[in-house]
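Given next are the chains, with one letter for each unit.
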Amino acid sequence: MALLTVHGLSAAYGPLQVLWAVDLEVGAGESVALLGANGAGKTTLLRAILGLVPTLAGEVSFDGEALGGLPPDARVRRGLAYMSETGVFPDLTVDENLEIGAFALPRAQVAARMAEVLALFPDLAGRRRALGRSLSGGQRKMLGVAKALMGRPRLMVMDEPSAGLSPRMVGAVFEILARLREQGLGLLVAEQNVRFLDLADRAYILEGGRVRGQGKVADLRRDDAVRRAYFGLEEA
Amino acid sequence: MSDIPPATPEAAPSPAAARRAGGAPAAVRHGLTILLPAVAVFAVAPRIYPNGALLFAMMTFLVLAQGINVIFGFTGYLPFGYVGFFGTGAYAASLALLRLHLAWPLAMLAGAVAAALLALLLMPLLRLSGAYFAIASLAAAEAMYQLVSNPALVPITNGPYGLSLQAVYDGPVSYGAMVGVLALTLAILIYLRTSRFGLALQAIRDDPASAATAGVDVVRSRALAWLLSALMAGLAGGVYAWHVSVFYPDTVFDLSFTVFAIVFVLFGGPATILGPLFGTLALYGLYDAIGISTPQYFQFIYGLLIVVLVLFLPEGLVSLLRRRGIRVP
Chain A
1 MALLTVHGLS
11 AAYGPLQVLW
21 AVDLEVGAGE
31 SVALLGANGA
41 GKTTLLRAIL
51 GLVPTLAGEV
61 SFDGEALGGL
71 PPDARVRRGL
81 AYMSETGVFP
91 DLTVDENLEI
101 GAFALPRAQV
111 AARMAEVLAL
121 FPDLAGRRRA
131 LGRSLSGGQR
141 KMLGVAKALM
151 GRPRLMVMDE
161 PSAGLSPRMV
171 GAVFEILARL
181 REQGLGLLVA
191 EQNVRFLDLA
201 DRAYILEGGR
211 VRGQGKVADL
221 RRDDAVRRAY
231 FGLEEA
Chain B
237 MSDIPPATPE
247 AAPSPAAARR
257 AGGAPAAVRH
267 GLTILLPAVA
277 VFAVAPRIYP
287 NGALLFAMMT
297 FLVLAQGINV
307 IFGFTGYLPF
317 GYVGFFGTGA
327 YAASLALLRL
337 HLAWPLAMLA
347 GAVAAALLAL
357 LLMPLLRLSG
367 AYFAIASLAA
377 AEAMYQLVSN
387 PALVPITNGP
397 YGLSLQAVYD
407 GPVSYGAMVG
417 VLALTLAILI
427 YLRTSRFGLA
437 LQAIRDDPAS
447 AATAGVDVVR
457 SRALAWLLSA
467 LMAGLAGGVY
477 AWHVSVFYPD
487 TVFDLSFTVF
497 AIVFVLFGGP
507 ATILGPLFGT
517 LALYGLYDAI
527 GISTPQYFQF
537 IYGLLIVVLV
547 LFLPEGLVSL
557 LRRRGIRVP
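Chains as they are written, first to last, in our numbering: chain A, 1 to 236; chain B, 237 to 565.
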């Protein structure tokens with residue numbers, strides 16, 4: 001059974017409906033890409049999964065339990081993690097950001113977990129007392145990933161981890177994601193950068209708030225229309 | 237996620253993190269270096285310095301500034317109507333003394349409880365943000381003022397004619413009670429500065445959605461901060477009323493209590509223990525110094541001073557130290 005199941009999910013901002021009966025699944029340890037143009041509803045879908053956006057209809061369940069009505073912090077305690085596009089607290093230090101990320105953990109485990117996570121991010125380990133705002137874009141993104149990892153999630157939901165980064169930093173971020181995936185962390189990643197697809201098992205294509213296509217990445221790559229629209233012409 | 241590589245030595249938890257995770261040391265250190273000296277100074281000062289009224293007012297503002305620090309500095313809500321809790325505490329404690337003849341510690345507690353109840357009633361205001369929250373809390377304070385000073389309530393609150401506590405007045409004991417309230421206030425601030433709860437509040441202030449997705453119970457944390465903040469003002473209000481012993485509704489619901497306290501917090505530096513402490517000592521001290529030396533220009537000089545300081549030190553006095561890389565408790 002899937003770890004995360006989204007069934008018939010509709011959501012709106014006031015009178016403006018953004019999602020229309022979206023179905024989506026992520027299995028345990030699976031890596032899933034969410035593709036779509038700006039305004040397709042990717043961020044709204046991710047935020048609805050975390051309980052940050054009220055839903056009109058449909059259901060989100062995690063590990064077999066319906067999450068309907070649970071606030072975001074309760075969802076995080078069940079093993080979900082979320083990394084928004086901005087990601088970090090600018091007025092808190094690296095250490096404090098990580099401590100906040102560990103809020104769902106028992107106090108006694110925080111220090112040990114911080115050491116584990118920092119071992120993955122050598123750049124951050126040297127700047128632990130620096131304020132979030134003083135980090136470079138790449139370091140900030142790394143801190144966002146590290147913060148989300150602190151709570152020992154089983155599924156990480158990420159909004160455009162490559163946005164605003166130089167190609168070299170994009171490579172570094174994706175390298176970390178590849179390592180996490182190998183270690184069995186589930187990933188649901190909204191991403192416009194085609195390089196992420198190398199890391200994804202399956203992909204969903206969102207258009208105008210509806211799922212227009214889905215399947216194994218390998219199959220989607222063979223589909224001409226999909227390839228032109230989402231995989232970049234250079235791969236044709 | 238169990239097979240992440242083992243910790244490298246350089247990634248060992250920082251002392252700060254260890255302290256916060258383990259609790260005690262930082263809090264104990266701040267207790268010894270901040271709380272104890274501050275309390276000792278105010279406890280001994282009346283024997284050396286004759287102006288007890290000034291010392292008492294200074295402590296009152298220290299408590300109010302720290303109370304605003306809890307809800308504004310840490311949590312991000314600017315309560316223009318903060319004085320509403322102060323006035324409510326003043327009236328509740330006084331009525332408990334006068335009408336119920338409670339012992340003074342119980343009466344002061346009644347003041348704090350009344351303020352907390354008002355905060356509970358106003359909890360829905362926390363859904364508002366920015367200027368809307370500021371104005372709504374101001375309206376709530378005004379409503380409390382109107383209620384208390386209503387001539388129809390003369391049999392209970394004595395309406396606009398105020399209350400006199402001269403029968404139960406005790407100068408030294410009420411002064412001592414304010415020292416106790418100051419100690420409690422500083423203890424609360426030390427807790428916020430060194431605990432995960434305090435960190436959670438700052439995260440909520442910066443970005444509520446991100447705080448929630450990190451596992452922080454945003455609604456509950458905000459509510460607790462709001463109650464704590466109200467409790468501090470309620471306690472201060474009760475002890476203040478007892479100490480001044482004759483007061484009117486517009487004495488204890490005077491908006492300038494809020495404005496002064498906000499200015500002291502901003503001037504010193506929000507979300508720290510020392511910022512509001514030094515902000516109050518410096519600005520209120522100066523206020524009185526100018527008021528005594530050159531009363532004719534006093535408003536002018538004071539206003540000018542605040543403008544200049546806010547222009548050049550927008551993040552408060554503590555930012556002078558922060559710029560040098562010093563972490564201010």
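The hints are simulated quantities; they were obtained by calculation from the structure and are not laboratory data. These figures come from a predicted structure and were not determined experimentally. Glycine is no exception: its CB is placed at the ideal position from the N, C-alpha and C atoms. Incorrect hints may appear among the rest.
Stated by the list, open to error - Derived list of chain B stretches under chain A, where covered just means 3 residues or more per stretch with a C-beta under 8 Å from a C-beta of chain A:
#	segment
1	436-442
2	450-457
What the hints assert, rightly or not - Reference excerpt, derived from the structure (chain B facing chain A, CB under 10 Å, subset only):
#	residue
3	R432
4	A447
5	G521
6	S529
7	P531
8	R563
What the hints assert, rightly or not - Among the chain A residues that face chain B by a calculated CB cut under 10 Å, a handful are:
#	residue
9	V76
10	L80
11	L105
Numbered hints the structure breaks, given as an ascending list: 5, 6 and 7
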